[in-house]
Amino acid sequence: MKLWSPFPLHALRRWWPSQNEWSLLVAIVLAIVLTALVDSNHTYFFRPFESLRDIARNSAMLGIFSLGAAVVIIAGGIDLSSGSMIALSGTVCSVTMLALAPTEMMAFKPVGSAVVFIAVLASLLTGFFVGTLHTWLITVVRLPPFIATLATLVGLRSFARALCESSTAVLTPTKSALINVADPAFKVVRDNVWFSVVTFLVLAFFTWLMLSRTVLGRHLKALGGNEQAARLAGIHTENVKWFAYCFGAMTAALAGLFYIANESVAAPVNQGRGHELNAIAAAVVGGCSLSGGVGTVQGTVLGAFFLRVVIDAVSKIIKTGADVYEGLIVGVVVVLAVTFAQGVNGLRHDRRILPGSLGLCTIPVLALLAGSLASMTTGAASGVAAGFTAFIALVALRIWENRSHDKKAQVSNSQ
Amino acid sequence: MNKQAEVAVAMRGITKQFPGVVALDDVTLQVRRGEVHAICGENGAGKSTLMKILSGVHQPDAGELEIAGQSVQFHSTRDAENAGVAIIHQELELVEELTVAANVFLGREPRTRFGFLNDAIAKRKAQELLGLLDASISPEEMTSGLRVGDQQLVEIAKALSLQASIIVMDEPTSALTDAETERLERTIATLRLQGCTILYISHKMDEVFRLADRITILRDGRHVCTVNKTETTASEVTGWMVGREISEHRFRSQQTVGKCLLEVKDLCVASQDSSQSVQLHNVSFRVHAGEVLGIAGLMGAGRTEVLEAIFGASNSQWQGTISLGGQAVSFAHPSDACKAGLVMVPEDRKRLGIFLNLNVTENISICSLFHAIRNGLLSKKAEEGIVAKPMNQIGIKTPSLTASISELSGGNQQKCIISRWLLTKPHVLLLDDPTRGIDVGAKAELYELIDTLCQSGLAVVLTSSELPELLTLSDRIIVMAEGRVTAEFSRDEANEKKIMTAATLA
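Line by line, the protein sequences give chains A and B. Residue numbering for the first sequence follows our numbering, beginning at 554 and increasing consecutively. Residue numbering for the second sequence follows our numbering, beginning at 1364 and increasing consecutively.
Note that these hints are calculated values from the structure, not bench results. Quantities reported herein were computed from a predicted structural model and do not represent experimental measurements. Ideal Cβ placement from N, Cα and C applies to all residues, glycine included.
Which residues of chain A face chain B? A few of them, derived with a C-beta cut under 7 Å, are:
(1) R766
(2) T767
(3) V768
(4) R771
(5) A775
(6) G778
(7) N779
(8) Q781
(9) A782
(10) L785
(11) A786
(12) G787
(13) G846
(14) V847
Work out the full structure: start from the sequences and follow the hints.
In structure tokens form, the structure reads like this:
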């Protein structure tokens, strides 16, 4: 065979994804160590198992539907509806149980394994239906995936609430926005964290196998990489999309079951609200490219774990009311992770962080952000100090950047 | 001082590296004021990179640039525009949703005293500029409705509005009809009279020799030589471009033709949306085993539409009969065609052919993955085994089996796509402009490949925008114009003049 190798770029490229995953691992370890040290209660030292259990449960729950989000993203699409799908899945499950065993449900008694089985099946089937609806909207009605799943993001939650209220109105004495789930099957899942963790890991393993070792997986990547070329290569792209969106919706449905188990209640009003963005963030932090075709299961698993570790770290450090900051943390992590992943390319072009008038305006924005965050978490005085320090630092950075940029220009001019 | 003023552009020791490749290596070039200076070279020779450095798109790693004797440094295209350099890219960069006038003044819109857009002035000025170019385009027209040739004139008007004294044209005629090419040549003559310096990138020798005063040849990122047009010949220039003399021999000596494999009868396609897709009217032809049928025609003549309809890749409904090996077929999806032994290599390799996110092996095996399944799972080893055979036969040059497809040259990428289809063991191969954007050396290799495939009994349908290529490869040529077949020539009857006449029949 003619092999011609001017430069072993391919070796480097094959190493890239794992490097991204290595850096995620390092970041996870760093976050854990830092939290253990900074946290004044030193929870990680004194109650390691309890902390591990919390993180494991949360990571597994996020991870399950992050895998779905990753598969959709790799196939070149996006699924914004998984948070609402979680709510719908939980509602369908509990409404089914309520319909099949109303007296037991109202008395908080076991409903029987057959009923639970049917209810779980109904939830997963709902996931399949939603995935099918998405695919139809995207391939036949030709809506962009963003629009189609934006519609279901809004629509499915409302549908779940309506379903919950109208079925409780018929099946129970009073209309209700919640359905309590007290069956022991769900309690077992709640009390034994390994249940969700094992489900997550098994699902991750099979997703990995599907993506890397099956024809379907290859077709998913081809579809995400170049849809037109995939069609012209004889791939039935509609069917591949159908799989991807069903996988996305069904993993969210599965996650929805763990949500109602954990909270012992189906609450369509706010269960899983906004969590679709956490799943997309986990996939993106894990190295999935939103332009499609690129991403791994390993990365997504680590991405979900990393997000939960950081969220947990902040809740340990600020103690109370940490859930307020969850979105902020996810936002910052996504920005930093993606910037870091692009960093190698970004630095090569002698790019400045604060160029021109945009950079000038960004300085007070970042300083204000730092100052207000610090004052909300640690008090007004330190907040002002932090904001002021950030401002000085950024101004210094700007001056330094301008100087070195001018110097470089001079050097290359005089050459 | 006077001597300096005569030099419009001087580039000295320009070097530019991209990850893994040296695109330009110590290139030195001088362009005189008011001349038409042609830049020739194979694809990948560095022509476009050099012009992108001149127009501020890229910054050189080393070397210096002088415009009219002044040392300059461009950090952006805006810098270059301010220095009077404008570039007309191969892929036109107009905003299709805006009017002609809006495009001409994009980013420098004339404004009223109150800061609102002043459309009246924009229109008047655009009209003046278009008048200079002898173009009958209304400034109020939507750019999307213009033909490619007219869009190009809009780009030139934009360059003029910048008061550019140096205009770079990157393969401007690749999408033009003969009439439009002629008009462009007149425009270039006008621009030259007005004192513009023009850098003209092309690999069409006849154009270069009609237009240029001097010719610079680049090869593998290096400057080979700069010569006066009068002191050289087309074959010498081609030789410099390739680094060796290319003998233009005809492939495929007479051979016996097998049975009819593909017959198309009265193929009609109604246009779906009135503007874009071409209609086909009663297209009929047959292809035999061991034969290459060439389809000639200008852009928009319907060549691609014919192949797409046959391959089941067309979005619009068609009427007529297509029979494959004597059986009437109608493919709803490319996969059906592939199963029946008919495959298509699409035009525009980058957009329709390759998967940039997959490696070389994966790009080739994508259509035959089911043969690589061991124990129910895809086996990388089996996959590489399957791919190795055509790679050897065809001679694909790749750093490794798992190299990224983007590391391969255009010719090798095209070979990968052909290998992809050969793995499905087809009887009929449709090639839609397979050598577009491929350098001369790789073209010759592809010709040999097509010849070999034919001798092994494949029926080949080939379209090409380059007539010499069709004449070299085809046993028979049909000519299309506006969705109709206007002529058919045997190998001996065909020549460029006859084909062009038939292709421009309205």
